[in-house]
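Student: Heads up: take any position in the sequence shown, counting from 1, add 2, and you land on my numbering.
Heads up, a few of these hints could be off.
Once the Cα atoms are required to be at most 20 Å apart in a straight line, the calculated PhoX-like pairs of lysine-lysine come out as [what the hints assert, rightly or not]:
1) 130 <-> 162
2) 130 <-> 191
3) 127 <-> 191
4) 215 <-> 191
5) 375 <-> 130
6) 375 <-> 339
7) 117 <-> 215
8) 130 <-> 215
Keep in mind the hints are simulated off the structure, nothing from the lab.
Quick caveat, the model's predicted, so the values are computed rather than measured.
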Amino acid sequence: MVYDAFALRIEDCPSTQVLMFRRRSLFGILAISIVLAFRCFGADEEGNTATQSTPQADAYEEQGLKPMILDPSDIFSEERNILRKLTTGEYPFRRGLFKDDVVIKSRQIKLESGKKVSLVWGRPKNAKVAPAVFIIDVESAALSNAPAPLFFNRRNQRRKELEAKYLLTSPFGSNLLGHGFVVAYAVGKDLSTLRSARKEDWIDMFDKIRDFKEVEDSSFFLMSTKEYANLSVYLASVYSFSGFILEEPHYMLFSRQTHRKIIDESYRYTSEQIWNRTDPSRKDLYHRIFGSIYSPIMIVRVENSPTLDFNEKTLISALKETNTHFETITLPQVPRKLVSLSESNGVLDTEPRVTYNAPSVSTWLEGMITYLKVNSDTMPVELEKRKLVY
Numbered sequence: 003m004v005y006d007a008f009a010l011r012i013e014d015c016p017s018t019q020v021l022m023f024r025r026r027s028l029f030g031i032l033a034i035s036i037v038l039a040f041r042c043f044g045a046d047e048e049g050n051t052a053t054q055s056t057p058q059a060d061a062y063e064e065q066g067l068k069p070m071i072l073d074p075s076d077i078f079s080e081e082r083n084i085l086r087k088l089t090t091g092e093y094p095f096r097r098g099l100f101k102d103d104v105v106i107k108s109r110q111i112k113l114e115s116g117k118k119v120s121l122v123w124g125r126p127k128n129a130k131v132a133p134a135v136f137i138i139d140v141e142s143a144a145l146s147n148a149p150a151p152l153f154f155n156r157r158n159q160r161r162k163e164l165e166a167k168y169l170l171t172s173p174f175g176s177n178l179l180g181h182g183f184v185v186a187y188a189v190g191k192d193l194s195t196l197r198s199a200r201k202e203d204w205i206d207m208f209d210k211i212r213d214f215k216e217v218e219d220s221s222f223f224l225m226s227t228k229e230y231a232n233l234s235v236y237l238a239s240v241y242s243f244s245g246f247i248l249e250e251p252h253y254m255l256f257s258r259q260t261h262r263k264i265i266d267e268s269y270r271y272t273s274e275q276i277w278n279r280t281d282p283s284r285k286d287l288y289h290r291i292f293g294s295i296y297s298p299i300m301i302v303r304v305e306n307s308p309t310l311d312f313n314e315k316t317l318i319s320a321l322k323e324t325n326t327h328f329e330t331i332t333l334p335q336v337p338r339k340l341v342s343l344s345e346s347n348g349v350l351d352t353e354p355r356v357t358y359n360a361p362s363v364s365t366w367l368e369g370m371i372t373y374l375k376v377n378s379d380t381m382p383v384e385l386e387k388r389k390l391v392y
């Protein structure tokens with residue numbers, strides 16, 4: 003009662019009433035101003051939209067099409083009114099993909115270790131059958147592990163968006179999918195989870211993708227970046243692929259030591275001198291494993307790479323000596339750089355961010371896609387090239 007009485011006495015004060023009236027007036031004027039500004043802005047926006055209407059847009063409306071470019075931030079949201087238009091460039095750095103062109107799915111796979119990974123794949127929506135590429139790339143894990151929101155009803159949707167991000171933002175994922183290939187990869191909650199996958203786990207994932215009715219069984223390829231060279235070379239030696247694309251490794255394969263000094267000075271040594279100064283037993287392992295790969299191999303090399311001479315006298319030499327069918331594509335500059343690497347006990351705890359050199363990546367894509375088409379029993383049907391038009 004004391005506080006209520008005190009409040010009444012204050013409100014009865016004339017000066018207080020004037021002050022409260024002024025505050026209400028100011029708030030009213032401010033609210034009216036906001037409403038008027040919003041209406042003016044909306045009218046102007048509608049006017050601009052009307053002036054930008056084109057015959058192409060009208061044609062799409064008549065056909066009942068609502069194209070939407072796939073974007074990691076809203077790939078599962080309602081379709082937006084975005085026009086389709088041909089892009090420029092044969093191999094754009096990032097391919098524009100539209101919602102009505104592709105299907106993206108994922109499923110949980112339990113590994114023998116007890117951990118779980120997501121098997122993600124994208125395919126052209128209208129393709130009855132298409133060649134497939136399974137990619138082992140360190141960036142797919144990095145893109146999929148961004149923090150998810152805490153809201154329960156949003157978390158699962160956000161997880162699917164992040165899992166699909168490699169298909170939409172990576173030059174390899176988006177261009178391969180855009181050129182009509184089924185693209186698949188595995189992601190875990192961290193790199194150690196993915197590292198726990200064993201040979202049987204990988205073979206199980208390969209078989210699952212290969213068994214899809216949309217995948218051409220005799221046109222199934224493996225592509226690997228250099229960070230997974232050890233794993234991918236081994237998998238290519240124990241599984242039947244139609245082809246194997248490998249970014250030239252920056253270390254000695256199948257060895258626990260980096261041999262960095264020998265790699266840097268390899269231009270001074272012969273092939274035999276390099277083996278003797280590193281580990282002679284690795285030479286036999288190179289021959290045995292690469293000799294077990296019966297699919298044609300494409301090696302992606304770089305002109306100014308510090309490991310160019312080293313790989314020429316080890317990897318390339320072993321391929322020639324084992325009569326393994328291979329070809330190379332040489333890029334003018336390093337195509338990819340990894341940043342923000344964090345190591346703990348030899349395991350990467352933080353997935354690296356990847357930066358790209360666009361001209362080198364375009365050369366890589368051109369050579370790789372040509373190679374895939376030559377070695378495929380089924381020719382992929384490229385999707386229409388499109389870009390956003392605002």
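Student: If a hint holds in the structure, say so; if it doesn't, say that too.
Tutor: Hint check:
1. For the hint pairing residue 130 with residue 162, the CA-to-CA distance comes to about 24 Å; that exceeds 20 Å, so the pair is violated.
2. This hinted pair does not check out: residue 130 and residue 191 have alpha carbons roughly 33 Å apart, beyond 20 Å.
3. Distance restraint check for residue 127 and residue 191: the Cα-Cα separation of roughly 28 Å exceeds the 20 Å cut-off, and the hinted pair is therefore not satisfied.
4. For the suggested pair residue 215 and residue 191, the alpha carbons sit about 29 Å apart, so the restraint of at most 20 Å is broken.
5. Proximity of residue 375 to residue 130 is assessed by CA-CA distance (about 17 Å); at most 20 Å being required, the pair is judged to hold.
6. This hinted pair does not check out: residue 375 and residue 339 have alpha carbons roughly 28 Å apart, beyond 20 Å.
7. A hinted pair counts as satisfied when its Cα atoms are at most 20 Å apart, and residue 117 with residue 215 does not qualify at roughly 28 Å.
8. A distance of roughly 8 Å separates the Cα atoms of residue 130 and residue 215; the hinted pair therefore holds under the 20 Å criterion.
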